[in-house]
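2 protein chains.
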Amino acid sequence: MNDGSCFHNLKAGGIVRELAPGVTARVFPGVNAMLSVVTLEPHSTSPVHSHANEQWGVCLEGEWVRIQDGVEHHVKAGDFWQTPPHVPHGGRTLASRCVVLDIFAPPREEYRQAGQGLGAASLAT
Amino acid sequence: MNDGSCFHNLKAGGIVRELAPGVTARVFPGVNAMLSVVTLEPHSTSPVHSHANEQWGVCLEGEWVRIQDGVEHHVKAGDFWQTPPHVPHGGRTLASRCVVLDIFAPPREEYRQAGQGLGAASLAT
Chain A
7 MNDGSCFHNL KAGGIVRELA PGVTARVFPG VNAMLSVVTL EPHSTSPVHS HANEQWGVCL
67 EGEWVRIQDG VEHHVKAGDF WQTPPHVPHG GRTLASRCVV LDIFAPPREE YRQAGQGLGA
127 ASLAT
Chain B
7 MNDGSCFHNL KAGGIVRELA PGVTARVFPG VNAMLSVVTL EPHSTSPVHS HANEQWGVCL
67 EGEWVRIQDG VEHHVKAGDF WQTPPHVPHG GRTLASRCVV LDIFAPPREE YRQAGQGLGA
127 ASLAT
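Same order as they appear, the protein sequences are chains A and B. In terms of our numbering, the first sequence has 11 at position 5, counting the first letter as 1, and numbering is strictly consecutive. In terms of our numbering, the second sequence has 8 at position 2, counting the first letter as 1, and numbering is strictly consecutive.
Source of the hints: derived by calculation from the structure; they are not laboratory data. This structure is a prediction, so every number in the text was calculated from the model and none was measured. A couple of the hints might just be wrong.
Where chains are identical, the list cannot tell them apart; a pair therefore holds if satisfied intra-copy or between any two copies.
[Claimed, not checked] Derived pair list, reagent style EDC-like, types lysine to aspartate or glutamate, alpha-carbon separation capped at 20 Å:
#1 K82 / E47
#2 K17 / E116
#3 K82 / E67
#4 K17 / D108
#5 K82 / E69
#6 K17 / D75
#7 K17 / E69
#8 K17 / E47
With the rest of the complex left out, here is chain A (with noise of 0.2 Å):
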């Protein structure tokens, strides 16, 4: 359902932005805290990167390689992580679709608008 205001549903709407390649969030904007339904493509990756906004996800369908603090997390459909602020993170899709349900707060200001990238985080060097 969609009522055009606070209801919807995880297969449609928000903010389209691609992530990177094969990698596409739908973002739905809170006051304190931000949703962004991601899809990420068969052998897909998720650079690392980091951000001061605490983030939280939960893997809907599929399964990930989380890659979070340097560490390699074999996640699938039902597992969900927190992330603290400002640790590194990112990931990589094995041969099948993943769909993971990313949580921010404070909400990402740049993910407020349509758009590509991964906003003003800092990229892993």
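With chain A held as given, fit chain B onto it using these hints.
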């Protein structure tokens, strides 16, 4: 998976709180946000209440009648919603069990400890 730190699974763990009869939460506190996996038994009621914390809910399993700002919304798995600060909200299940992922930003401080009830929320009168 659960490595004892930042990685969890929706089916296990967390700080247990009984929010209302038949409504049980497993709470995962963060810095700026808090996640809570809420299991609602059939024919259970979540009393309408409000608080300053922004809240988001994601219906993970089943269906629910979400009551928000005086309006009833019949939500199903895959639906999600924002509840802005101070907006009265609650709900009731129908004949089946429902699982909802609640997200609070900032965290509800009372929910950092096991216990009962809706904490410092204001109940509707």
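**OP:** Can you give me the call for K17 and E47, within, between, both or neither, at a CA distance of at most 20 Å?
**Re:** Within. Shortest intra-copy distance 15 Å satisfies the 20 Å Cα cut-off; inter-copy 26 Å does not.
**OP:** Have a look at K82 and E69 and pick one of within, between, both or neither, based on CA distance no larger than 20 Å.
**Re:** within (4 Å within a copy, 24 Å between copies)
Original post:
For K17 vs D75, is the C-alpha pair at or below 20 Å within one copy, between two copies, both, or neither?
Top reply: The answer is neither: 30 Å in one copy and 25 Å across copies each exceed 20 Å.
**OP:** Since the copies are identical, ignore which copy is meant and state whether K82 and E47 lie within 20 Å (CA to CA) inside a copy, between copies, both or neither.
**Re:** within (15 Å within a copy, 26 Å between copies)
**OP:** Go through the copies and call it for K17 and D108: within, between, both or neither, with a Cα cutoff of 20 Å.
**Re:** both (14 Å within a copy, 18 Å between copies)
**OP:** State whether the alpha carbon distance between K17 and E69 is at most 20 Å within one copy, between copies, both, or neither.
**Re:** This pair counts as both: shortest intra-copy Cα distance 18 Å, inter-copy 16 Å.
Original post:
For the identical chains here, do K82 and E67 meet the 20 Å Cα criterion within one copy, between copies, both, or neither?
Top reply: For K82 and E67, both the intra-copy (7 Å) and inter-copy (17 Å) Cα distances are at most 20 Å.
Subject >> Copy assignment of K17 with E116, given that the CA separation must stay at most 20 Å >> reply: neither (22 Å within a copy, 33 Å between copies)
Against the hints set out earlier in the document, violations occur for numbers 2 and 6.
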